[in-house]
Amino acid sequence: MGIITCRDITKKFGNFTALDSVSLDIPQGEIFGLLGPNGAGKTTLIRIMNRILMPDSGELMFGGRPMQPSDVERIGYLPEERGLYKKMKVGEQALYLARLKGMSAGEASRELKQWFVKFGIQAWWNKKVEVLSKGMAQKVQFIITVLHKPSLLILDEPFSGFDPVNAQLIRNEILQMKENGTTIILSTHNMESVEELCDNIALINKSNLIVTGSVEQIRREYGNNQVEVLYRSAASLSSVMGASDAPFGIVSDEICKNARRAVLEVPKEVSNSQVLAVLIDKTDIVSYQELMPRMNDIFIKLVSDRQN
Amino acid sequence: MGKSKIAVIIAREFSVRVKKKSFIITTVLAPVLMAGLLVVPALITMYSGNMNENLTIKVADRSGVVMPYLERDTVIRFEPIPEDAVDEQKKNIEESGAFAILEISPLDSSKNVSIQAYSVKQIDVETRARIRENTREAIKQYKLKSYDIPELEQMVNDIETDVKIDTFEIDPETGKEKAVQVEIYMAIGYIASFMIYMFIFMFGSMVMRSVIEEKTTRIVEVIVSSVKPFELMMGKILGVASVALTQFLIWIVLTIAIVFGATAAMGSGAVKGQTELQAQLAAGGMAQEQLSQVVQMPDAAQDASDSGAFEIIDMLREMDIASIVGCFLIYFALGYLLYASLFAAVGASVDNEADTQQLILPVTIPLIIGLFIMLHTFQYPDSALSFWGSVIPFTSPMVMMARVAYGVPGWQLALSVGLLAATFLGIAYLSGKIYRTGILVYGKKVSWKDLMKWIKR
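Chains as they are written, first to last, in my numbering: chain A, 83 to 390; chain B, 48 to 504.
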């Protein structure tokens, strides 16, 4: 059982059902992607996990037992819409929020100073938030979120507002924390970072959980069994193959810079070796690789399928 | 866990506000202004009397009866001049050093005189009053004498009567009598309930603005992922309450210190001047009669107001000051808690301060009604309106404070405080429900229907 488990969570706001019997198990120690279009119910689910909202029905398990109010001290939450007190000094404010997470003043102050040194922002301690840029404020917010060493980190669009350099810094911190055993729930519309970071994902659409599983498995599942072949040859693959009974179809075939590029559709029962055996006699193969669909395409496909 | 986090919230709300420049300025400046309000008029009364001390006014008295009375004046020096020297004196008015030249007409057929006064600068109100009053007295005495009735002067003095009403309250159980002075009760009731009204408004909207700030900066979502929304709301309300109490304390201490310091520095004269001035103000401003009384009989007036001041102090001593202050604190605390929870709910329901107007009305209207009932109550403390106003929770903090100084039966106090406390608990519960939903709702004009839904949720 994972660190946090939702069982048949339903939440209604008046007549509107925000979550309809959603069950989800988030494995310990990995980065879990929570995906879905705007208004699908992601934020509601995240708020329920943070005990900001209470579900109408369903059960929430944390660390294998029903979630307790004090469990929120083991969670770090970075909401999508985030802010700080404008008129309060950075250090004071960070200390305050850390103490609300149950840290003692001394401990919080020690940890904070380490983080400020690590991020090279010691000079900001006595600055008011209103003089910080958006990216600077985001850095402070990230530190506040992870300061109390939560065992579960819930990050909603953590990279928005960061320049590429700082986004990389945050990405490395996230990976480091995963390394140290922290479970991270990543809610984002940035599918590249999902492919890059996430082990498992769940896709929520219109209040329902529609897909969950590992990124690899989902990409494979939603792929069209296509392979990409780069080869060198005077003639195109289609003309070379002729009307032969090849165990694959040719989707496209075009000239690239130094070679030709063909996309083949391979039936499930045919192995890559069989395809290669056929090709190797006819052309000079430069590369051969399975084409995995982008998460972006899968996302669009799944969401628009349900809409129709 | 919950308790210590509320303490953290209270501490932040307190320290953020206390460190603000505006807090420091109002906390220090208000007592200075208050003290100024008490001390400056006293100073003015004290020194303005001396302003005319070196004035010389030349008088051509054709009546032959006024001059002796003018010469008795303790402040202005009236100097007789020959009747035919008026024109010449007028020409040389600046060189002669005279402030003014008076020409008093001969007595006419009805034994009255008219006065022409010539001066370079305007003749001030006090000087005019002195001239008029001295002349009036001279003519009065002359007329009395002309009746030629023995001891008429004595008789007239006997006729003049000053009516003073001493009021006493009888305790029906013990039969004890207690001297009371209604004006003081009115003043105390008025000041106390107006202060409650003002402070509830001031600190209640402080809570509301703070809720809106947390909502618009979006920090609220992070906070409620650590503490329950109700804890945040109560922490905020109590934090602002602690600011209010701190401010009261500093105000009281500073005001007392400044008033006493200034009084000591100026000597007791200031206090006398002060009570004099208050006596005049109370009797309807600087009416001619009052002014002339002061001018005519400065010593007598001072004696009277001195004894008045002592009476007031005695009265205050007899009234149970501790219980009035106690009531003030209880009613301020409970009234503030009740209204602050409502203000918090309003703050949570809007995105910015401009949107509060529609929702704030039902909160401020009972507060203002309370103020109006209070204006009636401090004159009629035992009317039915006053009774109900002081028992119904939304108006009771103001109305009861207006009644307390007059003495209120214990059961009414208990009922009123009990109802207020119970209503606070109920309202805090409902406000908490509105608050916890409202703080997460953005970009929506909230209607009354929405609020009802949030409460039911």
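Possibly wrong hints are sitting among the right ones.
Claimed, not checked - Taking beta-carbon pairs under 10 Å as the criterion, some of the chain B residues facing chain A (in silico):
1. Gln136
2. Val274
3. Arg483
Said to hold, decoys possible - Simulated restraints, written as ranges between beta carbons of each label pair:
4. Ala461/B - Ser105/A: 48 to 58 Å
5. Glu400/B - Asp245/A: 27 to 37 Å
6. Met242/B - Lys168/A: 30 to 40 Å
7. Asp402/B - Arg192/A: 40 to 50 Å
8. Asp387/A - Val65/B: 50 to 60 Å
9. Phe295/B - Trp207/A: 47 to 57 Å
10. Thr92/A - Pro456/B: 18 to 28 Å
FYI, nobody ran anything at the bench for these hints, they're computed from the structure. Positions of the beta carbon are idealized from the N, C-alpha and C atoms, including for glycine.
Status of each hint after checking the structure:
1. With a least beta-carbon distance of about 71 Å to chain A, the hint placing Gln136/B at the interface is violated under the 10 Å criterion.
2. For Val274/B, the shortest C-beta to C-beta distance to chain A is roughly 6 Å, which falls under 10 Å, so the interface hint holds.
3. Look at Arg483/B: its Cβ gets to within about 9 Å of chain A, closer than 10 Å, so that hint holds up.
4. Our hint of 48 to 58 Å for Ala461/B and Ser105/A holds, since their Cβ atoms are close to 55 Å apart.
5. A beta carbon spacing of about 34 Å between Glu400/B and Asp245/A agrees with the range 27 to 37 Å that was offered as a hint.
6. Separation of Met242/B from Lys168/A is about 32 Å and conforms to the stated range, judged on CB atoms against 30 to 40 Å.
7. At about 42 Å, the CB distance of Asp402/B to Arg192/A agrees with the hint of 40 to 50 Å.
8. A hinted range of 50 to 60 Å for the beta carbons of Asp387/A and Val65/B is consistent with their spacing of about 59 Å.
9. Between Phe295/B and Trp207/A the beta carbon distance is about 34 Å. The supplied range of 47 to 57 Å is therefore violated.
10. At roughly 55 Å, the beta carbons of Thr92/A and Pro456/B sit outside the given window of 18 to 28 Å.
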